[in-house]
Amino acid sequence: MDNELYQEVLLQHSKRPRNFGPLENPTHAADGHNALCGDEISVTLRIENGKVADAKFTGSACAICTASASIMTGEVKGLTCPAVEALTQHFRQLAKDGTAPEVPAKLEVLGGVHQFPQRVKCAVLPWETLTSAMKTPVEPDQAAASPAAIS
Amino acid sequence: MSSRVFTGRPTPDNAQFSLAFENGTPPLILTRSADAAAKPPKPAATCDSSKDGYTFARMDMTTIRGQFPFLREAVNGHPLAYLDNAASSQKPERVIRRMARFLESEYANVHRGVHLLSERATAAYEDARSVLAEFLGAGCPEEIVFTRGTTEAVNLLANSWGFKNIGQGDTILLTEMEHHSNLLPWQHLAGRVGAKVEFVPVLENGAALDMEAARALIAGRPKLFAFVQIPNTLGLENPASELCRLAREAGVTTFVDAAQSVGHRPVDVREIGCDFLACSAHKMCGPSGIGALWGRAELLAEMPPWQYGGEMVDRAHYDRPATFREPPARFEAGTPPIIEAAGWAEAVRFLNEVGTEAVRKHSVALANLAAEQIREIPGLRIFGPGVRESGIVTFSIEGVHAHDVAFFANERGMALRAGHHCAQPLMRKLGSPSSSRASFYLYNSREEAEALAGILRDAVAFFR
Numbered sequence: 001m002d003n004e005l006y007q008e009v010l011l012q013h014s015k016r017p018r019n020f021g022p023l024e025n026p027t028h029a030a031d032g033h034n035a036l037c038g039d040e041i042s043v044t045l046r047i048e049n050g051k052v053a054d055a056k057f058t059g060s061a062c063a064i065c066t067a068s069a070s071i072m073t074g075e076v077k078g079l080t081c082p083a084v085e086a087l088t089q090h091f092r093q094l095a096k097d098g099t100a101p102e103v104p105a106k107l108e109v110l111g112g113v114h115q116f117p118q119r120v121k122c123a124v125l126p127w128e129t130l131t132s133a134m135k136t137p138v139e140p141d142q143a144a145a146s147p148a149a150i151s
Numbered sequence: 152m153s154s155r156v157f158t159g160r161p162t163p164d165n166a167q168f169s170l171a172f173e174n175g176t177p178p179l180i181l182t183r184s185a186d187a188a189a190k191p192p193k194p195a196a197t198c199d200s201s202k203d204g205y206t207f208a209r210m211d212m213t214t215i216r217g218q219f220p221f222l223r224e225a226v227n228g229h230p231l232a233y234l235d236n237a238a239s240s241q242k243p244e245r246v247i248r249r250m251a252r253f254l255e256s257e258y259a260n261v262h263r264g265v266h267l268l269s270e271r272a273t274a275a276y277e278d279a280r281s282v283l284a285e286f287l288g289a290g291c292p293e294e295i296v297f298t299r300g301t302t303e304a305v306n307l308l309a310n311s312w313g314f315k316n317i318g319q320g321d322t323i324l325l326t327e328m329e330h331h332s333n334l335l336p337w338q339h340l341a342g343r344v345g346a347k348v349e350f351v352p353v354l355e356n357g358a359a360l361d362m363e364a365a366r367a368l369i370a371g372r373p374k375l376f377a378f379v380q381i382p383n384t385l386g387l388e389n390p391a392s393e394l395c396r397l398a399r400e401a402g403v404t405t406f407v408d409a410a411q412s413v414g415h416r417p418v419d420v421r422e423i424g425c426d427f428l429a430c431s432a433h434k435m436c437g438p439s440g441i442g443a444l445w446g447r448a449e450l451l452a453e454m455p456p457w458q459y460g461g462e463m464v465d466r467a468h469y470d471r472p473a474t475f476r477e478p479p480a481r482f483e484a485g486t487p488p489i490i491e492a493a494g495w496a497e498a499v500r501f502l503n504e505v506g507t508e509a510v511r512k513h514s515v516a517l518a519n520l521a522a523e524q525i526r527e528i529p530g531l532r533i534f535g536p537g538v539r540e541s542g543i544v545t546f547s548i549e550g551v552h553a554h555d556v557a558f559f560a561n562e563r564g565m566a567l568r569a570g571h572h573c574a575q576p577l578m579r580k581l582g583s584p585s586s587s588r589a590s591f592y593l594y595n596s597r598e599e600a601e602a603l604a605g606i607l608r609d610a611v612a613f614f615r
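Sequence lines, in order, name chains A and B. Each residue of the first sequence is one higher than the one before, counting from 1 in my numbering. Each residue of the second sequence is one higher than the one before, counting from 152 in my numbering.
Any given hint could turn out to be false.
To be verified - Quick partial rundown of chain B residues pointing at chain A, CB under 8 Å, derived from the structure:
#1 552
#2 554
#3 555
#4 566
#5 570
#6 571
#7 584
#8 585
#9 612
#10 614
Claimed, not checked - Covered stretches of chain A, going by a simulated chain B footprint (3 or more residues, C-beta under 8 Å):
#11 38-44
#12 56-63
To be clear, the hints were calculated from the coordinates, so they are not data collected in a lab. Ideal Cβ placement from N, Cα and C applies to all residues, glycine included.
Work the whole structure out from these sequences, hints included.
If you want it as structure tokens, here you go:
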């Protein structure tokens with residue numbers, strides 16, 4: 001298919017997503033879903049000393065959403081919480097209108113999504129779930145049983 | 152609208168229609184007889200299945216497709232193959248033209264005015280009620296309540312009949328294959344009044360309704376059994392008459408969600424034997440924004456209003472409660488969908504000419520053809536029975552998300568639907584939160600059905 005949405009790099013991320021699976025000892029977690037198309041993902045984080053020490057995701061989602069989550073979980077590792085928030089804002093802008101001066105090169109592969117309004121939500125869903133996860137500490141007894149893969 | 156429409160040989164069944172139309176006069180479809188049994192029988196639909204099963208006896212495919220302007224659209228350089236008919240259908244030119252003509256020379260508000268345009272508008276609006284009443288085999292036009300669609304019809308029924316007749320400890324029986332529109336209004340009602348909702352289960356893979364369980368649950372005397380005739384996902388058809396007979400014998404009131412069946416197969420409320428039935432115009436070549444609730448006259452008469460305002464009131468006062476009009480006016484508060492009613496009547500006339508049994512055979516044949524071809528794709532799973540009973544094919548492909556499938560198909564000009572199809576609990580039970588759906592209707596061609604498999608194979612190669 002000859003279009004700018006499914007670039008090879010993006011397909012590689014969707015076929016073999018990085019950071020996919022349950023995270024041991026998560027401190028924060030959230031689920032996100034897109035009621036329109038059925039994308040469902042869970043993001044789990046381990047936040048230590050104000051930084052994202054580790055991030056993983058599970059779920060059943062389309063290629064755009066899966067690739068976005070795959071790249072996202074890689075990019076936020078090691079960032080401080082305010083830096084994650086800033087990056088999320090920049091990514092939202094990128095997905096919405098294709099302009100974002102301050103996103104890492106790896107995220108630019110998702111820049112084409114703004115040309116396909118119905119797919120913007122797919123790309124943004126992992127980031128929305130990430131934002132939600134950062135506000136949602138995992139209860140100690142929940143942490144023992146970290147979320148299993150949905151798919 | 153001319154003899155061009157009738158390329159099929161005249162038969163005793165359609166001769167009266169073709170003659171009427173050759174004169175340029177629409178056939179008088181409704182006889183306003185109080186005795187439903189006295190009305191002339193509907194012309195039996197015929198479908199020429201002797202050749203390949205995909206042609207209509209009354210109109211050939213070229214004639215049918217020629218009446219749908221949307222088919223002139225191209226998508227990414229490909230002809231548009233519209234396989235999203237379970238979501239909504241496309242409109243023939245004559246429906247589009249009817250609505251335009253109505254707006255140009257017949258439009259005003261209905262019922263209240265004494266001026267010319269109001270008279271014309273009222274005549275067209277009430278004509279639509281009569282046409283639909285005849286189409287559904289209703290006892291009289293007054294049994295048809297116009298709504299915004301099937302969803303509003305279910306909400307009307309739940310709020311009016313339901314709130315009056317269902318109380319603490321009562322049971323509302325549904326099936327597991329209901330669209331959200333025939334699930335959520337009942338769950339909400341049950342929550343308000345303290346009733347409980349039970350579900351007739353579906354068999355493995357959604358192959359059929361569990362009739363044994365249905366018998367047992369109906370025997371438990373729920374207050375209402377509300378079920379879908381043709382679910383929008385599984386490609387099956389529930390035995391509506393049989394289910395209604397069981398309910399009637401147990402003294403259980405029945406509601407049939409016929410959104411996917413009216414205009415897609417012959418539907419006669421007396422034949423089904425239900426108490427209430429709902430459908431939408433947009434699924435059957437008519438405009439969006441209008442649907443209907445049919446109810447037995449004696450049941451409608453006992454139902455309280457559910458929305459209040461103009462048109463539905465008999466006498467209003469400052470110092471005491473108002474009194475309300477008889478059905479259907481009692482349930483049609485505010486200005487109704489007038490233009491849409493005129494368009495819907497034209498859609499019904501169109502479908503009467505084609506013949507709804509022919510539409511059914513054509514859609515089911517195409518669905519079976521597509522299903523047989525895609526079944527061979529590794530990792531592809533089709534939900535529902537082995538042989539299609541409706542024009543709907545819902546499937547999932549291992550390792551390829553439905554949303555990507557639909558996007559990929561669109562690149563080739565094919566409109567598919569992806570998601571949970573407004574049946575989240577069902578799709579979850581079947582283990583597939585997101586699936587793809589191809590749904591066929593009268594204007595789809597054999598070529599379109601055959602194109603599906605190739606597109607899916609390419610999608611698998613691309614994404615997996």
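Results of checking the hints against the structure:
The beta carbon of residue 552(B) is positioned within 8 Å of a beta carbon in chain A (closest approach about 4 Å), and the interface hint is therefore held. For the restraint placing residue 554(B) at the interface with chain A, the shortest Cβ-Cβ distance is roughly 4 Å, inside the 8 Å limit, so the hint holds. The criterion of a C-beta within 8 Å of any C-beta in chain A is met by residue 555(B), whose closest approach is roughly 5 Å, and the hint holds. The restraint placing residue 566(B) at the interface with chain A is violated, with a minimum CB-CB distance near 13 Å, outside the 8 Å limit.
Of the supplied interface hints, the one on residue 570(B) holds, with its beta-carbon coming within about 5 Å of a beta-carbon of chain A, less than 8 Å. With a cut of 8 Å, the hint placing residue 571(B) at the interface with chain A holds, because the nearest CB-to-CB distance is about 5 Å. Annotation: interface hint on residue 584(B) holds; nearest CB of chain A at approximately 5 Å, less than 8 Å. Taking 8 Å as the C-beta cut-off, the interface hint given for residue 585(B) holds, the closest approach to chain A being about 3 Å.
Contact between residue 612(B) and chain A, as hinted, is not supported at the beta carbon level, the nearest pair being about 10 Å apart and thus beyond 8 Å. Hint status for residue 614(B) relative to chain A: holds, with the closest Cβ pair at about 6 Å, below 8 Å. Beta-carbon proximity to chain B at under 8 Å applies to 3 residues in the segment 38-44 of chain A; the threshold of 3 is reached and the given coverage holds. With 4 residues having a beta carbon nearer than 8 Å to a beta carbon of chain B, the segment 56-63 of chain A meets the requirement of three or more and the stated coverage holds.
Of the numbered hints stated above, those contradicted by the structure are hints 4, 9, listed in ascending order.
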